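Engineer: Now for the letters of each chain:
Protein chains: 6
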Amino acid sequence: MAVPVLNPLLVQDAVRRALDEDLGRAGDITSLATIPPGRTAKAVIAAREAGVVAGLPLSREAFRQIDPAIAFETLVEDGTRIEPGAVVARIAGEARGVLSAERVALNYLGRLSGIATLTAAFVAEVAHTGAAIVDTRKTTPTLRAFEKYAVRCGGGMNHRFGLDDAILIKDNHIAVAGGIAPALQAAKRAAGHMVKIEIEVDTLDQLSEVLAEGADVVLLDNMDPATLAEAVAMVGGRMRTEASGGINLKTARAVAESGVDMLSVGALTHSARVFDFGLDIAIG
Amino acid sequence: MAVPVLNPLLVQDAVRRALDEDLGRAGDITSLATIPPGRTAKAVIAAREAGVVAGLPLSREAFRQIDPAIAFETLVEDGTRIEPGAVVARIAGEARGVLSAERVALNYLGRLSGIATLTAAFVAEVAHTGAAIVDTRKTTPTLRAFEKYAVRCGGGMNHRFGLDDAILIKDNHIAVAGGIAPALQAAKRAAGHMVKIEIEVDTLDQLSEVLAEGADVVLLDNMDPATLAEAVAMVGGRMRTEASGGINLKTARAVAESGVDMLSVGALTHSARVFDFGLDIAIG
Amino acid sequence: MAVPVLNPLLVQDAVRRALDEDLGRAGDITSLATIPPGRTAKAVIAAREAGVVAGLPLSREAFRQIDPAIAFETLVEDGTRIEPGAVVARIAGEARGVLSAERVALNYLGRLSGIATLTAAFVAEVAHTGAAIVDTRKTTPTLRAFEKYAVRCGGGMNHRFGLDDAILIKDNHIAVAGGIAPALQAAKRAAGHMVKIEIEVDTLDQLSEVLAEGADVVLLDNMDPATLAEAVAMVGGRMRTEASGGINLKTARAVAESGVDMLSVGALTHSARVFDFGLDIAIG
Amino acid sequence: MAVPVLNPLLVQDAVRRALDEDLGRAGDITSLATIPPGRTAKAVIAAREAGVVAGLPLSREAFRQIDPAIAFETLVEDGTRIEPGAVVARIAGEARGVLSAERVALNYLGRLSGIATLTAAFVAEVAHTGAAIVDTRKTTPTLRAFEKYAVRCGGGMNHRFGLDDAILIKDNHIAVAGGIAPALQAAKRAAGHMVKIEIEVDTLDQLSEVLAEGADVVLLDNMDPATLAEAVAMVGGRMRTEASGGINLKTARAVAESGVDMLSVGALTHSARVFDFGLDIAIG
Amino acid sequence: MAVPVLNPLLVQDAVRRALDEDLGRAGDITSLATIPPGRTAKAVIAAREAGVVAGLPLSREAFRQIDPAIAFETLVEDGTRIEPGAVVARIAGEARGVLSAERVALNYLGRLSGIATLTAAFVAEVAHTGAAIVDTRKTTPTLRAFEKYAVRCGGGMNHRFGLDDAILIKDNHIAVAGGIAPALQAAKRAAGHMVKIEIEVDTLDQLSEVLAEGADVVLLDNMDPATLAEAVAMVGGRMRTEASGGINLKTARAVAESGVDMLSVGALTHSARVFDFGLDIAIG
Amino acid sequence: MAVPVLNPLLVQDAVRRALDEDLGRAGDITSLATIPPGRTAKAVIAAREAGVVAGLPLSREAFRQIDPAIAFETLVEDGTRIEPGAVVARIAGEARGVLSAERVALNYLGRLSGIATLTAAFVAEVAHTGAAIVDTRKTTPTLRAFEKYAVRCGGGMNHRFGLDDAILIKDNHIAVAGGIAPALQAAKRAAGHMVKIEIEVDTLDQLSEVLAEGADVVLLDNMDPATLAEAVAMVGGRMRTEASGGINLKTARAVAESGVDMLSVGALTHSARVFDFGLDIAIG
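Residue numbers (our numbering), protein chains in the order written: chain A, 9 to 292; chain B, 9 to 292; chain C, 9 to 292; chain D, 9 to 292; chain E, 9 to 292; chain F, 9 to 292.
No lab work stands behind these hints, which were simulated from the structure alone. In this text, all values refer to a predicted model and were calculated from it rather than measured experimentally. One should not assume that every hint holds.
[To be verified] In silico negatives: residues of chain E with every beta carbon more than 12 Å from chain F:
1. L17
2. A94
3. V131
4. E238
[As the list claims (entries may be wrong)] With a straight-line Cα cutoff of 20 Å, these simulated EDC-like cross-link-like pairs (lysine to aspartate or glutamate) come out:
5. C:K50 <-> D:D179
6. A:K196 <-> A:E238
7. A:K258 <-> B:D284
8. A:K50 <-> B:D224
9. E:K178 <-> E:E221
10. B:K196 <-> F:D232
11. D:K50 <-> C:D179
12. F:K196 <-> B:D224
13. A:K178 <-> B:D288
14. D:K178 <-> C:D284
15. E:K196 <-> D:D179
16. B:K178 <-> A:D224
[As the list claims (entries may be wrong)] Covered stretches of chain B (chain A as the covering partner; in silico rule of three or more C-beta atoms under 8 Å from a C-beta of chain A):
17. 27–36
18. 115–129
19. 144–150
20. 238–247
Even for Gly, the Cβ is constructed at its ideal location relative to N, Cα and C.
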């Protein structure tokens, strides 16, 4: 599979904002004070644990914006599984710039690699079933495109990118619309031909209503594996099935073995630990 | 202690960007399709676990930007400890707007409350010692002001907000500058009178050099509690002492009991789990 | 059918940019010179031809940003068919502000109403067939959300909003990918479960390949009505069919009568004439 | 005459916004799915009708921003008359980037060339008279600088760029100011020495008042050719004369032959059809 | 004369950027630390010297953005001459907000009032001659609209607002164009009918060339009063005359008495001292 | 001492805004009209008086953004003392671009060099005493980072960059907080360990209170030299001392000889005259 690609225009803007946040008005006053101009350095970014790397284009961009003369050579591509000690990038240039960009570069890399690594752990749990691991909209505000990219790097699949690119009818919509049938009918009237429709159900009775009305995907929320299996049987391939509701690394396997097509996991993006990278410098 | 205050101008901008990210070009096509205009709803935001709340001004702003006519009443203030089931806000207005803003409101609230809750857990571990828990620059890019606010809500104290508001001389700076004494001397020459100077040491020998030269704060990196205690004794109150290096909830107590003034903990902001809030709706 | 709704956050930003463009650095120097402060005026926006109105929220926003004290009362809703002379809005407030906002307000209203009116003409041509009129990405750069809204106001349906919310495999993609089958297979591997896949074909042979491989929608490009009818018969309801290729008001009827589900028409957004509105003022 | 020049800073910003609009959060998912990284392509942009080209710098910028390694060679300059089939640019680079930028590049090029072509048609109608064809402020919001550039490419002349760079006293200003004399006097008091003053009249009586008071330009609104000729005679070269009011390709010649210096034509920018260009690709 | 009006949209943006600059990421940490929430205050902005006030709308906006509940009442209008001790505004609201906005409010007010006051001093020097005092493009980058507004408040007149709204042919343009005649001819060919043309001359010989060719305004650069008088006589009212070149308060009178229509003075905006205002607070 | 360094990201943004302000929508219509494309020019930027240069990176950036092909070679570095006639930069490239960027380049350079020059004059006055000259927050809105950089170029030292990076308790805070002791205690409770605390006093009695409570810096406001000397004696090196209050070039020496550590001077940034640079062009 090809490495997932990140829109470079989004990368430029995001890194710029992050550098503005870190440099403030006065810039990196520590490096300016302690490091003479012209002093060069070489550095590596090395993993301090095992996992899947994601975010190297953002790290590269941080150094590039601070000083276009800094060389940034990646030794692996995003989506690669790495071991502790693995060097993912080599950096060379003016020491001031290298140190000024370090934190922004590592903050992106650690956060996205943490997401990719957690995603890969879920993917591994369910690999024998063919089920896909998908993300949610429970992402860090303004970082969604990057976090969903990290999910792809970890082998996961993306759900909607926003409220605008697909219809997902949830319990609250059903309640306000007056039931599953009117909600689905309204959605079909409104949806363009390029928009998929998914609907959430909590019970098998609701599922029957959905099957009677038709949809592209059904979200089976908070069902135990046995109920999920029953639901999958009821659907019989007529629509795609997605399980959701507090799925974690301990429960994912049983959920997947119910036969659902997908497991959506909010924790991928809302509760991943940072992945530990360090920047080790050598005076050049 | 007064509730920490969040700059409303930063809140406006951040929420706007988050809503743009979620609404995209076509907006909340699900709510527009399934909910008639004019239909109103009441809702509550309720905690699904115990912890410390942070981020209500961001949630409020999400609803306000989507529809200024939506009422958003908070029942607790940020910084309050809450129990599972606690209702933190009541919302009333057009159902379309309430549902369109829900995810952005919860994404901020869950993330920041997660940070406040984790901070409070560290604070509780070390409360008997008088040591402060402080954050780092290992924050989510572009969310630093909010995450540091959440740390304050949890009872923690803030370290630098960026590279520009204080000097922190790290191992790499020392190496490039040619040693502790030249690095500190350069920093003092460059620093304005309103800028504090901190320096990182890994050994007691380095600490001696720092004590000879003078600084405002010394960062004792990756020392075990016994060494920390020895360092604290060497310092003898001449500068403030900060311990760092992979401190977690299991090790924090012993670190604090070494007598250091502060523990800085990257995990507060880089590895907090989301706090689980739900928006429960009732048709109005 | 409910009136289509336009994201107010996008409206605010767009109108602000348009006012900045028109007011420049020195502002409306004519009104400032010739109209004393405090002088009030009443005005109406009246149609000078027949058609379908679209864009009133943008007009309203122009007056609001210039002077929040200006009253703007709409007499019809977007999506309404109007006759020559119809008054669509009444305005009252300081004359300076009314005249300063006039051009931006009319530029949006005329352009979008022109699109809605042209769309409605296409819709009327094919109404007896049940075929839908859909737009394209041939929109004015940066005005896409508004122009697609105008298409909905005119009774049309929206195609993709961008390159990111659905897959549309065109002739160039097929050529590069090495054929219809490999292109479709690659798309299915890459697409998430909430993403629809459409593919363009120029011949019935290509259509056979698509039918063998499967897709959500097939785009029948530049086929005459007889060939389209044959294609529709071949598809037999297994996927949705969309005709495209230089369709105009003279050819639309015959195309629709071929039995296709949709006609996509670039002219809706790239070649609509402005709709003629005037702002008639009376000194208040 | 030199080719009109477009401010490259405005081009950068506008193209960036247009690409953001088209690429959204997930980017060009079709090209990413179906085209392997590294696959190159060559393409040409070719005219499918006759007219005047305008907008090549915007097209070039679209490819450049997507991928700076894409080569974009123009074969003609903006302002050139071209025939059907004419190749205006050659493109070579990674196929993904070429296809991702295509639509934005063509949307600008088609729209601006449409304006240039329509302008040139008006210019040709009146060429024998020496009258100039000028545009209005009835431009697409936020695209004014580009659309006025296209008018220049077509041989037209620009009127005001906004409310701030010249004074144009219209009927509404006259009414509020209490007549032509007080309006002109107020304008002269307020205007700096680098600001021209134009005033609109509907009748020859009004024109007499203007001639008594003096102005730089008089706008003769909605007069028939005979009345225009009379007005031109009355003015006798003391100020410049501009005819306006629904002038179209059928009426322009007669209007120009009245002897006015200029015809201002809103249709140049508010009702031009797109010019049809295609991007024809060959796998590299 | 009516008070000059400042575009409120420009005011909003500028003040927002200024507050962002001053508040940074952590906000006004002094006021947050020392002033309890809810504590109110009353304050006045009082002049500490004599002059002409300009910039009150920017000051008002600073308080409004920080806290819309703060009351800001102006006692004079921009353009008013004030004496030492004069109170120009009364403020009441939460003490935190009042103090947080103070510096931005005073920085704008002091700077613009300084410009207005200096302008008024020049205007007074030349009042007996009827000559106008005009500004230049030697303004603070990004503050031009405000500084030119301050010039109007001081009784001055504005020159061009930018490179785009009028033609001013300077010595360098003449040199590159190959002389005065070709430069003027080129300018006339290129200029639209709403654009004025001014040309700079250093000698009376050059002036003769200009008179032969024609222009709207002639800039007489660095001429002594006697030469200026000769130039004015040569022009004989055929175009407007503007003197420039290091004019200061000591030389302005003699320059004006030469009979020129205008004196342009860079110092108005590039070398005005701040006007001293203070914010005096009383606990509410 | 190393040359102070200016954050290039801030430079890019500021120059971009300044160019947008100057070029407007239509660009440099004079240069476009009078100078043929392709015509090249060489130019120098030369000092017309003596002083200290600051702002060359901003000037360079203005030419670079207008036309990256323009060569800009600096002959001195910011912070250098120069004599009248000194050439600080050589420029070569297309004449249109050179002239279009000229004013923005000179506006930054003149303003910042004016500040550096005035700062250097103050520094020279007090050099024999060891006292430092420091700036204030009385800077031009949105130009603070550049103006504080200019102060460093002139040999001065920076005070706070904003309200967020240090605590400065002024008379108004003391009044609201209920006195010096409660204000200082509140500040110490709230301040993080990397934040310095300064407090303003007007009398020696207040100074005694501050000495009893402790602070990092004391601001001695509006004291005469004798009182300052007494204050310095009272402090006895326990905190740093800063004199403020209308200090000018005539009074600075006596103030500094009182023994204070620093003099803060608002005039450095709020009342510096522009430094006179000219761009002298030679056709290339």
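Engineer: Run every hint past the structure and note whether it holds.
Structural biologist: Outcome of the hint check:
Look at L17 of chain E: its CB is around 15 Å from the nearest CB on chain F, clear of 12 Å, so calling it non-interface holds up. Annotated as non-interface, A94 of chain E keeps its C-beta farther than 12 Å from every C-beta of chain F; the closest such distance is 19 Å. Chain F leaves V131 of chain E outside its interface by the beta-carbon criterion, the shortest separation being 20 Å against a cut-off of 12 Å. Residue placement check: E238 of chain E keeps its beta carbon more than 12 Å from all beta carbons of chain F (closest about 26 Å).
Restraint check for K50 of chain C and D179 of chain D: the C-alpha separation of about 15 Å stays at or below 20 Å, so the hint holds. For the given pair, K196 of chain A sits about 27 Å from E238 of chain A by alpha-carbon distance, which is inconsistent with the 20 Å threshold. In summary, the hint linking K258 of chain A to D284 of chain B is supported, as the alpha carbons are separated by about 19 Å, within the 20 Å threshold. This hinted pair does not check out: K50 of chain A and D224 of chain B have alpha carbons roughly 30 Å apart, beyond 20 Å.
Restraint check: the Cα-Cα separation between K178 of chain E and E221 of chain E comes to about 16 Å, which is no more than 20 Å; the hinted pair holds. Simply put, K196 of chain B and D232 of chain F have alpha-carbon atoms about 29 Å apart, too far for the 20 Å limit, and the pair is violated. Taken as a hint, the K50 of chain D and D179 of chain C pair is honoured in the structure, with Cα atoms around 15 Å apart against an allowance of 20 Å. Restraint check for K196 of chain F and D224 of chain B: satisfied, since their Cα atoms lie roughly 15 Å apart, inside the 20 Å limit.
Between K178 of chain A and D288 of chain B the CA atoms are separated by roughly 12 Å; this keeps the pair inside 20 Å, and the hint holds. A C-alpha spacing of about 18 Å is found between K178 of chain D and D284 of chain C, which places the hinted pair at or below 20 Å, so the restraint holds. A threshold of 20 Å between alpha carbons decides the hint, and for K196 of chain E with D179 of chain D the separation of about 29 Å lies outside it, so the pair is violated. For the proposed pair K178 of chain B and D224 of chain A, the alpha carbon gap of about 55 Å is over 20 Å, so the pair is violated.
Coverage of the segment 27–36 of chain B by chain A holds [criterion: at least 3 residues with CB-CB distance below 8 Å; count 8]. Counting residues of the segment 115–129 of chain B whose C-beta lies closer than 8 Å to any C-beta of chain A gives 5; at least three are required, and the coverage claim holds. Counting residues of the segment 144–150 of chain B whose beta carbon lies closer than 8 Å to any beta carbon of chain A gives 6, which reaches the threshold of three, so the coverage claim holds. Requiring three or more residues with a Cβ within less than 8 Å of a Cβ of chain A, the coverage given for the segment 238–247 of chain B is violated, as only 0 such residues are present.
The structure does not agree with the numbered hints 6, 8, 10, 15, 16 and 20 stated previously, though it agrees with the rest.
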